[in-house]
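Enquirer: Spelled out from the first residue to the last, the chains are:
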Amino acid sequence: MDANLIINVVYIVAAFLFIYGLKRMSSPVTARSGIVVAGVGMLFAVLVSFLYAVTASEAAKAHMSVNLSLAAVALILGVVVAYWTGKKVAMTAMPQMIAIYNGLGGGAAALIAASELFAPAVSGESEDVVRLVVTVIGAIIGAVSFSGSVIAWAKLDGRIKKTWRVSGQQFLNGAVMLVALGIGAYLVFGAHGHGAVGLTVAFFIITLVFGVLMTMPIGGADMPVVISLYNAFTGLAVGAEGFVLQNPALMIAGMVVGAAGTLLTLLMAKAMNRSVKNVIFSNFAVESSAAQGEIEGSLKPTDASDAAVQMRYAQKVIIAPGYGLAVAQAQHKLYEFVKLLQAHDVDVKFAIHPVAGRMPGHMNVLLAEAGVPYDIIHDMDDINEEFKEADVALVIGANDTVNPAARTQKSSPIYGMPVLKVDDAKQVYVIKRGEGKGYSGVVNELFYRDNTNMVYGDAQKVMVKMIQAIKDLGEG
Amino acid sequence: MEATALSFTGFVALYIFMLAAFTGYEIIGRVPSILHTPLMSGSNFVHGIVCVGAIFALLNATTPLEQVIGFVGVLFGAGNVAGGYVVTERMLEMFKPSDKKK
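Top line first, the protein sequences correspond to chains S and L. Just so we're on the same page, the working numbering is the position in the first sequence counted from 1, plus 10. Number -8 in the working numbering belongs to position 10 of the second sequence; there are no gaps in the numbering.
Please keep in mind that the hints were generated in silico from the structure rather than gathered at the bench. Since the structure is predicted, the reported quantities are computational estimates derived from the model, not experimental observations. Idealized CB from N, CA, C, for every residue including glycine. Take these hints with a grain of salt, some might be off.
Only part of the chain S face toward chain L is listed, based on derived beta-carbon distances under 8 Å [stated by the list, open to error]: (1) I29; (2) P38; (3) F60; (4) L85; (5) A119; (6) I122; (7) V139; (8) V143; (9) I147; (10) A195; (11) S238; (12) G268; (13) A269; (14) G271; (15) E379.
Here chain S is said to cover these stretches of chain L; the calculated rule only asks that three of the stretch's residues, wherever they fall, bring their Cβ under 8 Å from a Cβ of chain S [what the hints assert, rightly or not]: (16) -7 to 2; (17) 5 to 12; (18) 20 to 32; (19) 44 to 51; (20) 62 to 72.
Using the sequences plus the hints, can you model the full thing?
Expert: Structural data, given as structure tokens:
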């Protein structure tokens, strides 16, 4: 049978499985089967692509045994290493792992473009300007996604701590981008795809540098939006290279991800009340540090067991978890504590900020891991008005997402970001490791309020103390 | 081989891109926010299909330079596929229906 026919039939099946799988992933009930469906599609698509060995040009067939071995080795090596790292990474480190895997995809797309630019004869097509333009566009997007994702990973992983900014950064970035576009345009229209190797290499280096420059100034709080944006970028780059290679599977999957990722990015940015433009041209905290308002009141530390006892006798407790909970891996102990409260007829609910734990839905995943049923987990918009009726609001390792300054203080750099109204509760307890600032670097006036008490310590240890305090009370 | 080799030029490609974009938009449009991270991870896995393109480039390579580029491309693509799958699956594993209460 004709190899091309088999390849194309399998691609149609794979494209269907990708879309169907993503569709299933968009509902909590069917989500698990969704990834398996998409995985089957991927397995078919990858295996069948080895049939390209049959359809390759005569010139390439001379190298086929070497090429096939290289492909097999690269495939196995990549799968084993990524599978192993993905399995052992902690749930809290998920965002940066997504970033790095996404970067790899962008890098692969850029490499396909490189292969085309170094040897336009690869796919045997004549040089068509549209094809070259799309190749170069895919190269830029893919390379930016690669280097940008690597920086995002390094930042989230704590390997790069500084937010690197220089004055006139936007002009620098703009200039670098223009140079990249200029060389790209020359490669298409001046060199007709036959640019000198040195120039093509320079093109890629400058594009990669642009990705670094673009990501370095972006603060950690904005990172989820950026990762999501690069996810969309990689999708678009893959779609573009799919067109270049005349490969329908890449075109469809890449474009679906490009569109879905773009929408997801907008949704995330909206949840943080930041425009995507604002995030990318990041003027987050540049001129804000001086504009901090004076904060009145003082920090009032209290004992974990006192806080626990008060919650035990409360009617209604709302818990606002944040990144600190995730870092301390305290979600299991927290749920144990919640179950104790529920046994004493306390109405306990979870209030989840859209970006709690650094990424939309990240906190839900962590709570689900601990076995918290999702009918007591509420989105911010659903529960924000309920804080008024709560006796106690328990903030665990959250900071910026509960800062009332976002609602009241125009000078605050996070002004306008929707926040949980924990300060409406009669009593607020904040479990926190120390007196540090939140990710945005803003001082939180909530901690200084009269009805707020601080419980210092690692969230997990504090939860253990709280559980003990309730158990000590007995059934009284 | 020309008989079945597909060719997407100009408008046909634009139609494919347009329809695929709508599909992606529709899939995400009605998703509860709790699934945003898993779905981002899932779509991250799906663009791992780039691996297939890299295999194509590598199998058609005729010079050492192309072989190196193709090799790294397949390596990256495979990392995207496997990593994206494992991370997504681990996340989704945790979504168990809550049937214990009430």
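Enquirer: If a hint holds in the structure, say so; if it does not, say that too.
Expert: Going through the hints against the structure:
{"no.": "1", "hint": "I29", "result": "holds, 6 Å"}
{"no.": "2", "hint": "P38", "result": "holds, 5 Å"}
{"no.": "3", "hint": "F60", "result": "holds, 7 Å"}
{"no.": "4", "hint": "L85", "result": "holds, 5 Å"}
{"no.": "5", "hint": "A119", "result": "holds, 5 Å"}
{"no.": "6", "hint": "I122", "result": "holds, 5 Å"}
{"no.": "7", "hint": "V139", "result": "violated, 12 Å"}
{"no.": "8", "hint": "V143", "result": "violated, 12 Å"}
{"no.": "9", "hint": "I147", "result": "violated, 13 Å"}
{"no.": "10", "hint": "A195", "result": "violated, 21 Å"}
{"no.": "11", "hint": "S238", "result": "holds, 6 Å"}
{"no.": "12", "hint": "G268", "result": "holds, 7 Å"}
{"no.": "13", "hint": "A269", "result": "holds, 3 Å"}
{"no.": "14", "hint": "G271", "result": "holds, 6 Å"}
{"no.": "15", "hint": "E379", "result": "holds, 5 Å"}
{"no.": "16", "hint": "-7 to 2", "result": "holds (count 4)"}
{"no.": "17", "hint": "5 to 12", "result": "holds (count 7)"}
{"no.": "18", "hint": "20 to 32", "result": "holds (count 13)"}
{"no.": "19", "hint": "44 to 51", "result": "holds (count 6)"}
{"no.": "20", "hint": "62 to 72", "result": "holds (count 11)"}
Checked against the numbered hints given earlier, this structure breaks hints 7, 8, 9 and 10; the rest are met.
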